[in-house]
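Student: Turn these sequences into a full structure, and let the hints guide you.
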Amino acid sequence: SMAELATCPNVVVKLGGMVNRGAGYDFHSAPVPPSSETIAEVWRPYIETCIELFGPTRCMFESNFPVDKMAIGYKALWNAFKRLASGASRDEKLALFSGTAARTYRLDIT
6 SMAELATCPN
16 VVVKLGGMVN
26 RGAGYDFHSA
36 PVPPSSETIA
46 EVWRPYIETC
56 IELFGPTRCM
66 FESNFPVDKM
76 AIGYKALWNA
86 FKRLASGASR
96 DEKLALFSGT
106 AARTYRLDIT
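Numbering (the working numbering), first residue to last: 6 to 115.
Quick caveat, the hints were computed from the structure, so don't treat them as lab data. This structure is a prediction, so every number in the text was calculated from the model and none was measured. Built from N, CA and C at the ideal position, the CB exists for glycine as well. There could be a bad hint or two in this list.
[As the list claims (entries may be wrong)] Simulated DEER-style distance windows between Cβ atoms:
id, residue 1, residue 2, range
1, G60, R111, 16 to 22 Å
2, T12, A35, 35 to 41 Å
3, T54, K87, 15 to 21 Å
4, D113, P36, 42 to 48 Å
5, T43, V72, 16 to 22 Å
6, E9, H33, 28 to 34 Å
7, P36, T62, 36 to 42 Å
8, N15, S68, 21 to 27 Å
9, L112, S34, 33 to 39 Å
10, A8, T115, 30 to 36 Å
11, F70, L10, 22 to 28 Å
[Unchecked claim] Keeping only pairs whose Cα atoms sit at most 35 Å apart, straight-line, the calculated DSBU-like set for lysine-lysine is:
id, residue 1, residue 2
12, K74, K98
13, K74, K19
14, K19, K80
15, K98, K19
16, K74, K87
17, K98, K80
18, K87, K98
19, K19, K87
Tutor: Put into structure tokens, the structure is as follows:
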């Protein structure tokens, strides 16, 4: 379970990649791509659960492109992440959008 994984301090979570058929959604065959509002609404319980369990310093938003472009536009996806993080503090947003990834992958982004 995710709760059990969250007890392991070395585990981080990539949040995204859930628009495809394998995740149980049919966005790829919809007449129009989903909006950022739709994605945020559908993903909210999963994203919020992960952030609650792991904390923002162990979570990172990710795009899973180019695979996801069959189902959603890049701009709509990142706008969905912005909607999902709208209630987060500045430091939490920094962690979710870049800090966790930079630390995990040892990237120098300064």
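Student: Decide, hint by hint, whether the structure agrees.
Tutor: Checked hints:
Roughly 20 Å separates the CB atoms of G60 and R111, a value that falls within the hinted 16 to 22 Å. The hint said 35 to 41 Å for the Cβ distance between T12 and A35, and at roughly 38 Å that hint holds. The beta-carbon spacing between T54 and K87, approximately 19 Å, falls within the hinted interval of 15 to 21 Å. One distance hint, 42 to 48 Å for the beta-carbon pair D113 and P36, holds here, with the actual separation near 44 Å.
In this structure the supplied range 16 to 22 Å holds for T43 paired with V72, their Cβ-Cβ distance being about 19 Å. In this structure, E9 and H33 meet the distance hint of 28 to 34 Å, their C-beta atoms being roughly 32 Å apart. Range check, P36 to T62: about 40 Å between beta-carbon atoms, so the 36 to 42 Å window is met. The supplied range of 21 to 27 Å is met by N15 and S68, whose beta-carbon atoms lie about 24 Å from each other.
Evaluation of the 33 to 39 Å hint for L112 and S34 yields a pass: the beta carbon distance comes to about 36 Å. The supplied range of 30 to 36 Å is met by A8 and T115, whose beta-carbon atoms lie about 34 Å from each other. For F70 paired with L10, a C-beta distance near 25 Å keeps the hint of 22 to 28 Å intact. A threshold of 35 Å between alpha carbons decides the hint, and for K74 with K98 the separation of about 24 Å falls inside it, so the pair holds.
Between the alpha carbons of K74 and K19 the distance comes to roughly 18 Å, so the proposed pair stays at or under 35 Å and holds. About 18 Å separates the Cα atoms of K19 and K80, which keeps this hinted pair within 35 Å; it holds. For the given pair, K98 sits about 14 Å from K19 by alpha-carbon distance, which is consistent with the 35 Å threshold. With a C-alpha separation of about 18 Å, the suggested pair K74 and K87 falls inside the 35 Å cut-off, and the hint holds.
Using a Cα cut-off of 35 Å, the hinted pair K98 and K80 holds, with the two alpha carbons roughly 17 Å apart. Using a Cα cut-off of 35 Å, the hinted pair K87 and K98 holds, with the two alpha carbons roughly 9 Å apart. For the given pair, K19 sits about 15 Å from K87 by alpha-carbon distance, which is consistent with the 35 Å threshold.
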